[in-house]
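Asker: Start from the sequences and build out the full structure, keeping to the hints where you can.
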Amino acid sequence: MLKVANTLRLVSKKGNNARALATAVGYKQALVNVPPTQLTVLDNGIRIASEDSGAATATVGLWIDAGSRYETSKNNGVAHFLEHMAFKGAGGIEHGKLVDLAQKHLGGLKNTPVDVPELAPCRYTGSEIRVRDDSMPLAHIAIAVEGAGWTDPDNIPLMVANTLVGAWDRSQGGGTNNASYLARAASAGNLCHSFQSFNTCYKDTGLWGIYYVAEPMQIEDMLFNIQHEWMKLCTSVTEGEVERAKNILKTNMLLQLDGTTPVCEDIGRQILCYNRRIPIHELDARINAVTAQNVRDVCYKFIYDRCPAVAAVGPTEALLDYTRIRAGMYWLRA
Amino acid sequence: MSSKNLALPFVRHITIRGYAQAAPAVRKDAKLQTSVLPNKTFVAAVDNGSPVTRVTIAFKAGSRYEPQTELGLAHVLRSAAGLTTKNASAFMISRKLSQIGASFNASGDREFIYYTLEASQENLQEALVYLNNIVSNQEFRPWELSDNVSRLKFDILSLSPQVRAVDLLHKAAFRRGLGNSLFIAPKKIGKISSESLQHFASTTLTPGRCAVSIVGGSQDTAALVAQALQLPAGGDAQSNASTYFGGELRKEMGGDLAHVALAVPGAPAGSPQSLALAVAAKALGNGPVTKWGADNTPLAKAIGNIGPFAAAGFNVSYSDSGLFGIVLSVPKDEANAALKAASKLLKNPNLSGDAIKAGKNQLKLQVLSEAESGVSLSESLAVQGLYTGSAKSAVDIAKDIDQLSSNDVSQVLASVIKNKVSMGAAGNLAFVPYVDEL
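Residue numbers (the UniProt record's numbering), protein chains in the order written: chain F, 1 to 334; chain W, 1 to 438.
Incorrect hints may appear among the rest.
In silico DSS-like cross-links for lysine-lysine, where the CA-CA straight-line distance does not exceed 30 Å [claimed, not checked]: (1) W:K357 <-> W:K344; (2) W:K251 <-> W:K188; (3) W:K171 <-> W:K153; (4) W:K399 <-> F:K97; (5) W:K399 <-> F:K88; (6) F:K88 <-> W:K357; (7) F:K97 <-> W:K31; (8) W:K344 <-> W:K418; (9) W:K392 <-> F:K88; (10) F:K203 <-> W:K291; (11) W:K31 <-> F:K28; (12) F:K110 <-> W:K291; (13) W:K96 <-> F:K232; (14) W:K171 <-> W:K340; (15) W:K96 <-> F:K28; (16) W:K301 <-> F:K88; (17) W:K291 <-> F:K97; (18) W:K31 <-> F:K88; (19) W:K291 <-> F:K104.
A few chain W residues that don't get close to chain F, going by computed Cβ distances all over 10 Å [said to hold, decoys possible]: (20) L37; (21) G208; (22) P268; (23) N348; (24) N419.
Examples of chain F residues lying across from chain W (beta carbon under 8 Å, computed) [what the hints assert, rightly or not]: (25) Y27; (26) N177; (27) E243; (28) R244; (29) N247.
By construction, these hints were calculated from the structure, which means they are not laboratory data. All residues carry an ideal CB built from backbone N, CA and C; glycine is no exception.
Answerer: The structure is reproduced here in structure tokens:
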């Protein structure tokens, strides 16, 4: 599909300045032309990863696999005090120097995993929590289904689906011209103040869904449109829509790596999640490989007829009962 | 404890068209190239090998060029970016850019308007066609402008009080020209006609007032973008000279906090003085440097332990003038004490060598970090071109900062603080003193 689209674009392009500009070859080269990530493992298991991008600033981050899921009922909340750390300063840093510093300051830490709580399998349960507060002007609602973990191959089609639904708020122009169905519906029908589709990943599971902020009387109409869009993803999403989402996802992926601090976060997270750094060209190829049929299949697997998790805060009286919301997760068809 | 909520963009207002929500590897030999085309358009390029390309087309079309009878034009102009033009409908622009994953936004400050495109190199050619169509031959169809009214209202409603305080400060300091608000007055919404906009565009969106910059592309590409623009060669809007009057403006908005901006006249952009003042602003204080950390800056120490507040030095430079001072957000009951302490510091800063050294380091980091973000680099190159006719890389600016001695900073500071202080205030002003009581 991508190849065909490219060809069509070349044929139909209007004859003006643009012809002499950058080409797809340049893009591929740019993706490969990324400095390598060097990885060293200390004796105690601490991994040191660095990427010398030649930038004028350097960010050094320390990442510990110690989020709130490792808490027990006794020490609940403690992870809040152990937020990740990152330091930024001017001047580059060599991998060897970084390893020496880590050896000096962190090499003495003993790797004694006696107290590490064992992670129980994370069980997802479709359910709801409502905190009704009619004194708040707007309702804040999140609804999601169980998504895929970081390493799950279905994650990329889910990311494409998530990008396809998109995000919108009232400050954006072009509302009724927006390519996102949901943004058009929200803008034309005045259904919400903002919405944001999300795909949150963890090691072994994830949450795929949407967050929106709406006036009390618009909650139900907005939810109807959201579920309509979700069902469309599962059954009849088109190649053109998927192509758009893939292009946006690729641009976003590249934009996220702007500057040393985001790159540092990316390295830290990927080393902890995948034990390696995934090159951009690999991600690009994986996104390119997604077809509309993939998106339909994966969405059918993760979204269609699944029990959603619903959380709502504010004037939530008009939010449908859970069973009614659940009934929006499938279509009755002959 | 102070918070980081002052790290907002005070002097710019961004309008985003949501075509796509909005880089990567840096090539070590990336070199900045600049030139001026025969039609006087400034062109700059940094070919850093990034797979995402940013293109900024900037014009001298900020709010300072608004005539006093048509205040708010610049706000409507940037809000109208992406509406139907002679060669492309709003629908076409929106859908085409979205389909190829490109994103576009228009933003503006008192001097300039910026049209910035981000697209992957793969799709750059097509995206540039639409960037050209957005900027060239704008038509401002009246029915599209009236559809856009609710968005202008939203812009005004979502303004933070800090931004309002700085806006009022400019009006108090300069009255007209640079004193013009960045934002349209609520009563003017819907009253700016298509003809006024066309007149404003024809006298401001001209080749001689234009800069094109590209990050992640070649100088040739930038020149081609500039040459392809279809712009009127017509008039040349003039601004009131930036005479500093000084004064104060207050907007009582209620709430729990008072937001105040205090300033003396600063230095014009590109001058060594403006760099020295930027260092001084950082040296005064910019909140805690570590999250949850203590604020040990001279400004925080001067204000003392009055409970939670946020305070920062600030410095803005325009083509012919500037403002240097302090912005402060403080609970209403502590406003009097905090403001008196802050103004005492502003009138007699007496910064230590260590504070100035810290200020230099912080400014360098800010300059270098901003240059890592493609959009801010691209826009800053265009700004430099429009101000000075040339552009410097962030590394060179960092070297200039290194060259400044503590003495340079103290001298410039001593010369500006002799001037009359201006004040802009918004929020709960029950206990905010007037400027002559400071």
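Asker: Could you run down the list of hints and mark each one as holding or not?
Answerer: Hint check results:
no. : hint              : verdict
1   : W:K357 <-> W:K344 : holds, 22 Å
2   : W:K251 <-> W:K188 : holds, 18 Å
3   : W:K171 <-> W:K153 : holds, 21 Å
4   : W:K399 <-> F:K97  : holds, 25 Å
5   : W:K399 <-> F:K88  : holds, 19 Å
6   : F:K88 <-> W:K357  : holds, 17 Å
7   : F:K97 <-> W:K31   : holds, 28 Å
8   : W:K344 <-> W:K418 : holds, 13 Å
9   : W:K392 <-> F:K88  : holds, 23 Å
10  : F:K203 <-> W:K291 : holds, 27 Å
11  : W:K31 <-> F:K28   : holds, 21 Å
12  : F:K110 <-> W:K291 : holds, 28 Å
13  : W:K96 <-> F:K232  : holds, 22 Å
14  : W:K171 <-> W:K340 : holds, 22 Å
15  : W:K96 <-> F:K28   : holds, 22 Å
16  : W:K301 <-> F:K88  : holds, 24 Å
17  : W:K291 <-> F:K97  : holds, 26 Å
18  : W:K31 <-> F:K88   : holds, 24 Å
19  : W:K291 <-> F:K104 : holds, 25 Å
20  : L37               : holds, 14 Å
21  : G208              : holds, 20 Å
22  : P268              : holds, 26 Å
23  : N348              : holds, 31 Å
24  : N419              : holds, 33 Å
25  : Y27               : holds, 4 Å
26  : N177              : holds, 4 Å
27  : E243              : holds, 7 Å
28  : R244              : holds, 5 Å
29  : N247              : holds, 3 Å
The earlier numbered hints are all upheld by this structure, with none contradicted.
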